[in-house]
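Chains as they are written, first to last, in the working numbering: chain A, 61 to 405; chain B, 3 to 361; chain C, 542 to 826.
Check each hint, because a few of them may be wrong.
[Claimed, not checked] To spell it out: a stretch of chain B is covered by chain C in this simulated footprint if at least three of its residues, at any positions, have a beta carbon under 8 Å from a beta carbon of chain C; those stretches are: (1) 41 to 50; (2) 165 to 179; (3) 237 to 251; (4) 311 to 325; (5) 339 to 353.
Since the hints were made in silico from the structure, they are not lab data. Note that CB positions come from ideal geometry on N, CA and C, so glycine has one too.
Each chain, written out:
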Amino acid sequence: MKFRHAFAFAIAVVASLVLASLARADDKELNLFAWSEYVPQSVIDGFTKETGIKVNYEKYASNEEMLSKLLAQPGQYDLVQPSEYTIEALVKKDLLAPLDKSKLSNLKNLAPEFTKLGHDPEGKYSVPWMSGTVGIVVNTEKVKDEITGYKDVFQPKFANNIVALDDARELVSWVMDVKGIPVNEVNEKNLAAVKPMLGQWMKLIKVYDSDSPKTHFLNGDVVIGVVWSGEAALLYKQDKKFKYVLPAEGTHQFIDSLAIPKGAPHLDNAHQFINYILRPEVSKLVSEEFPYTNPNAEARKLLTPEQLGNPASFPTGSPKMEIFHDIGKSASAIDELVTDLKSQK
Amino acid sequence: MTPDINSNPATATRRPGVRGWLLMTPLLAWLFAFVVAPTLIMLVYSFCERDDIGQVVFTFSLDNYRKIFVPQYYGILAWSLGAAAAVAGFLAFGFYADESLSYKLFDLTGMTRRQLIALVAGAAGYCAMREQVYAMESGGNFLRILFISVELAAICTVICALVGYPVAYFLGRASESNRNKLMMLVMIPFWTNFLIRTYAWITILSKEGLLNTFLLSAHIIKEPFDIMPSTLAVYIGTVYTFLPFMILPIYGSVEKLDNSLIEAAFDLGAGPVRAFSNIIVPLTRPGIVAGILLVFIPAVGMFAINDVLGGRKVPLIGNKIDTQFKSARDMPFGAALGIILLLLFAVAFFLTLRKEEKN
Amino acid sequence: MAVRIPRGMKLVNLLLGSWTSVVMLFLYLPIIVLIVYSFNVSRLNVRWEGFTLAWYTRLFTDPKNAPLIESLKMSLKIAVVVTVLSVILGTIGAWLLYRYRFPLPRLMSTLIFIPMIIPEIIMGISLLIFFVTVSSWGNLLLRTMHITTSNPLSLGITTVIIAHVTFCFPFVLIAVQARLAGVDPSLEEAAMDLGATPLKAFLYVMVPYLLPAIVSGALMSFTLSMDELIVTYFTASAKSQTLPLVIFGMVKVGLNPSLNAISTLFIAATALLVVAAEWVKNWNK
Chain A
61 MKFRHAFAFA IAVVASLVLA SLARADDKEL NLFAWSEYVP QSVIDGFTKE
111 TGIKVNYEKY ASNEEMLSKL LAQPGQYDLV QPSEYTIEAL VKKDLLAPLD
161 KSKLSNLKNL APEFTKLGHD PEGKYSVPWM SGTVGIVVNT EKVKDEITGY
211 KDVFQPKFAN NIVALDDARE LVSWVMDVKG IPVNEVNEKN LAAVKPMLGQ
261 WMKLIKVYDS DSPKTHFLNG DVVIGVVWSG EAALLYKQDK KFKYVLPAEG
311 THQFIDSLAI PKGAPHLDNA HQFINYILRP EVSKLVSEEF PYTNPNAEAR
361 KLLTPEQLGN PASFPTGSPK MEIFHDIGKS ASAIDELVTD LKSQK
Chain B
3 MTPDINSNPA TATRRPGVRG WLLMTPLLAW LFAFVVAPTL IMLVYSFCER
53 DDIGQVVFTF SLDNYRKIFV PQYYGILAWS LGAAAAVAGF LAFGFYADES
103 LSYKLFDLTG MTRRQLIALV AGAAGYCAMR EQVYAMESGG NFLRILFISV
153 ELAAICTVIC ALVGYPVAYF LGRASESNRN KLMMLVMIPF WTNFLIRTYA
203 WITILSKEGL LNTFLLSAHI IKEPFDIMPS TLAVYIGTVY TFLPFMILPI
253 YGSVEKLDNS LIEAAFDLGA GPVRAFSNII VPLTRPGIVA GILLVFIPAV
303 GMFAINDVLG GRKVPLIGNK IDTQFKSARD MPFGAALGII LLLLFAVAFF
353 LTLRKEEKN
Chain C
542 MAVRIPRGMK LVNLLLGSWT SVVMLFLYLP IIVLIVYSFN VSRLNVRWEG
592 FTLAWYTRLF TDPKNAPLIE SLKMSLKIAV VVTVLSVILG TIGAWLLYRY
642 RFPLPRLMST LIFIPMIIPE IIMGISLLIF FVTVSSWGNL LLRTMHITTS
692 NPLSLGITTV IIAHVTFCFP FVLIAVQARL AGVDPSLEEA AMDLGATPLK
742 AFLYVMVPYL LPAIVSGALM SFTLSMDELI VTYFTASAKS QTLPLVIFGM
792 VKVGLNPSLN AISTLFIAAT ALLVVAAEWV KNWNK
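Bound conformation, chain A alone (with noise of 0.2 Å):
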């Protein structure tokens, strides 16, 4: 091969790349920017095998992590995840296109009180995905006190067999749960009332874990914990040992719902996605996989009665509950603290 030939072809190979990336977005693609162990494998091939649309499913850990690289990327992702803090920030900060809704007929199916939510009350930016609540795992069979809240989670008998997610925010509010913060507060003033007690808390927590925290219960590496509602679940589902508990000093509930980026490029693509998890049948194979609280009144007449009367799912009784709200800068106030935290010897 000549020498010019070959020099040639690899200024092809390189230009022909460029070229690539640049080349309209394939029609059939829809970029899908989730949480890891939220969306089954089997909801988006059910949706691939009836589209014949591509989904590429990037996942993240925390919200926060969602919105970095969002910003970083403006008009990659078609569907996002948020929370409903983020939500507002985002709205805020116009960043969300708005869903038309002519092309989401199955929206009906909806439990009529997931249709008017304090961060998007017209619904126009977001539908809900799963909600659900933090809160606290007991492995009974090793654990014989009674659990009641975080006071009795972080004592120094658990020490070096707790998880906690590893969510800078989580923890800072459970701290201000117990101290009667209110956890959309975030200043400086609570944070340094927060930081004696959160620092003590850490020291007693074995491992941080924010994907998957039910494994540590699996695998036995620790006997209790907070972690998210689904999660619990999961761990109930498998053997009843695992008790979830409402912390009685409060705790928060949350709202994750899928939201369209501006500028996404696959918009119509986005809408087929959307109306498709709206249907009963897909909703439920959500909550089978991820047994958190399903908003979909229609999908929750197909769950089985033991699906229903999973107490982490569908929990009973009228808890304190608050919803996170968007704090802005200080969330990385938060991060530093955490990480100062947890630096210390």
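Start from chain A and add chains B and C according to the hints.
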């Protein structure tokens, strides 16, 4: 050790003509675009700020560096230098007072008096600094994490060197056919994806894992070791990952050793310890230095092993930088951290180069 | 195992030998564990419950493992392109440095050497910042010039390939340079004396001579690209998930025998490559 990528004076006799420059352009353009430019842009970002949702704001600000270099550092620096000077003075006095002790010590370690004093004084200063940094109430974040990371990297490097040197020596001096077979055995883990190798340790180290099951059933221990996840697991995983990186360069040096020198070393009847410390180890110094660089530098920036084996408990500098690009949404701060790490790395690298050239 | 130590040092010999065996065991224990447990029926991975090949078949048939296989294909695609580009850049670079005396040699050698030794996280974040900046301004430019209405420039396969090539080609360059150091300079001259153009001399005389070094550099590039995690972690996107990235995500979620199965396949492939590299080295002898 540093491959001399320069033009070979024996053959590179011509100055490049138009064709030479033309052919070189793609390479130069690539280097400029993807090595120089990213570093410059990162430098620019480090002086920027983030707005409240996390986007970058291009205003000049020293805030990021102020967050890293807290004023308390001056006090700590002064204290540590003072401690180091005190120890150095004490040692110097002791050595010059008792000549015989010093000679025995130097014989054993092969270092000059000045090197030994510098080493011990440096260690004392480091300990003093460490004490202070850990005691800092707030703002000590960055430095603390840096200490933890450097410590982890340094300890793992030392362990790798101690564990790996005998192996490298054995391999280097083995007969030709055996050598190739053994080297292949070392290459296979070296080229296997480190994540896969790290993941395997989860199975071995967890509470109901292999290690505990074995030890419990053999009645060596009563309670299972609770080390997965833990900092100890991270140390084990790091040493495991980087061991081949230490063995290979040292092997390279050992292989080049002149056989007659080795024979002479052992024949002089001074005993194997002397032969090694006074002759063989110094001769293989290039390999050791290469191994140290190949292990220490990546280990400082490492965060994946910490994530998998460490339960995200103790953040390393790699984790902190990673967080800035994820949940903290503070790219400028992350860029600043990156620049600092880059400077440290550059300093370490050039210091080592200068020493090598002196030899 | 005859280590060339004079007699009388048999004890030292023995100690070194046993220590090496212990360390080898340490190096291979996790690998053996991975392989053994990939045949384990039990999902929880610790109790041995029986031999099965199910995890291997599930690897290719279970839809849950589709991302794994997809990412394997993606990694292979990327590795091939990276190797080709690295070989071209590295070989040309080595030959030019051999032939000509360029100004600022120290600077150039440092620049080439940097990607090899820089901590991967620094390379990752600097490339991320670079690509983000270039793509956002580039997209803006393209939109204002009305060439396109969307945002075509982004992180993706191209950025991953660029990142990989940047630290892979120095390895090829060094391998080829080492081989060039031992070449007889009159070889090329002879060819040209016989009437060949400089280009022909290069292609038909130099390249065959350099082939072992090129192949060894290529093998190195390929492996480095397949293995790469950290830099890819920062420069990839949803569409360009490589195998190490997917494994990293799966590892964070917990133990999974399918991971064992694909790891075993990976290890087998690596072993084959190592043997192949040995064989190539012996070409010259």
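Here is how each hint holds up against the structure:
1. Closer than 8 Å: that is the beta-carbon criterion, and the segment 41 to 50 of chain B has 4 residues meeting it against chain C, so the requirement of 3 holds.
2. By the rule of at least three residues with a Cβ nearer than 8 Å to a Cβ of chain C, the coverage given for the segment 165 to 179 of chain B holds, with 10 such residues.
3. Interface restraint, the segment 237 to 251 of chain B with chain C: holds (3 residues with C-beta to C-beta distance below 8 Å; minimum three).
4. Using a Cβ-Cβ cut-off of 8 Å, 3 residues of the segment 311 to 325 of chain B lie near chain C, which meets the minimum of three, so the contact claim holds.
5. For the segment 339 to 353 of chain B, the proposed coverage by chain C is satisfied: 5 residues have a C-beta within less than 8 Å of a C-beta in that chain, meeting the threshold of three.
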